[in-house]
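For the record, the sequence lines run as chains W and A. Position one of the first sequence corresponds to residue 1 (this note's numbering), numbered consecutively onward. Position one of the second sequence corresponds to residue 1001 (this note's numbering), numbered consecutively onward.
FYI, nobody ran anything at the bench for these hints, they're computed from the structure. It is possible that some hints are incorrect.
[What the hints assert, rightly or not] When the alpha-carbon atoms are kept at most 27 Å apart in a straight line, the in silico BS3-like pairs for lysine-lysine are as follows:
{"id": "1", "chain 1": "A", "residue 1": "K1139", "chain 2": "W", "residue 2": "K154"}
{"id": "2", "chain 1": "W", "residue 1": "K139", "chain 2": "A", "residue 2": "K1164"}
{"id": "3", "chain 1": "A", "residue 1": "K1154", "chain 2": "W", "residue 2": "K139"}
{"id": "4", "chain 1": "A", "residue 1": "K1139", "chain 2": "W", "residue 2": "K164"}
There are 2 protein chains.
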Amino acid sequence: MVHRHKERGTYDHDAIHRILDEGLVGHVGFVADDQPYVIPVLYARDGERIYLHGSPLSRLLRTLGQGVRMCLTVTLVDGLVLARSAFHHSVNYRSVVVLGTATAVTDPTEKRNALARVVEHVILGRPQDARGPTNAELKATEVIALEIEEVSAKVRTGPPVDSKRDYANLGHVWAGELPLTLVPGHPVPDDRCAVAVPAYVSEYSRG
Amino acid sequence: MVHRHKERGTYDHDAIHRILDEGLVGHVGFVADDQPYVIPVLYARDGERIYLHGSPLSRLLRTLGQGVRMCLTVTLVDGLVLARSAFHHSVNYRSVVVLGTATAVTDPTEKRNALARVVEHVILGRPQDARGPTNAELKATEVIALEIEEVSAKVRTGPPVDSKRDYANLGHVWAGELPLTLVPGHPVPDDRCAVAVPAYVSEYSRG
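For reference, chain W alone in the conformation it holds in the complex:
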């Protein structure tokens, strides 16, 4: 994230799709009154299209629905890269940046599909259990679509890269990678839930 020479740009759409699908929360950037804002969002990919949803009352959706330029960034943190020098410390990560202009999704069928995709993106198998939106709920939800056209990805993997001198002089300093993963804990049923935990919850994993 720090040292440009260690980052490798990729424009391979399969790799980009995998990062978008493994990511849970994205960050949307937009501008309002000359001020850039970055807001965490849930999203879902359907082919070469990304869906975002939210309340029509939110500034985010209200602004994006007007067709302004936006950016969606999804970042997966894979681990810490601990070098012998502070300078060569880094993070292993995969990120995707999608630029473009969103369009409001108004067709009820596409809107329903988009919302199911978002739930499925969060937790696969869930749309089969949870009730889909009523017409009133559908109206109370704004959905926008962003095409995956102007897109790039950056990936950093592997061990630290130290300078020759530091390998020689700093042999006493531990150096390597510390992997990091988003791991589920024990499911907590709510007060009114009296059924068994489904497998898609108890065996939840991303990617």
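Given chain W's structure and the hints, the job is docking chain A onto it.
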């Protein structure tokens, strides 16, 4: 993240500091040629000041160093909120949004302190082991500072909230929370490392 009424805004600086300190990667938003960009960054807090660093060659640092308006957002995902209806699905999370204008840090002492803070933010205890920057490395690193003044936080906690009718009719659907945590795996020493894993690596946790 979806339903505004479940989000609680907070302006308590202690709560804001805790979120900033627990977060690992932030997302910076800025505008260049009318296009908003969102880029993942490492950062560190020192009192009411946030430091970002990077290569002076990067568009990010080059742009921010000119004093344009920016946004830094840090989001912690705490878990999935699985309701009986798709509509009431949500995510438990804590996020902080800092708006402002960055200033370039040029004083070598403050710059060194800022970089040590960033390493420490990534992994506490590391600045005592890893070698600090040489003068040449210090020159090759740009550091900018953002004051924590225009700041807000949003937090969603707790179980799903379903509609009365769904509690009654959808008793067969599991509902509750699935906590998520960023968890370290086994440290992987690099090829030239022959020393024991320090406790600050093997016992790594955030927050």
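Hint by hint, here is what the structure shows:
| no. | hint | in the structure |
| --- | --- | --- |
| 1 | A:K1139 <-> W:K154 | holds, 25 Å |
| 2 | W:K139 <-> A:K1164 | holds, 20 Å |
| 3 | A:K1154 <-> W:K139 | holds, 25 Å |
| 4 | A:K1139 <-> W:K164 | holds, 20 Å |
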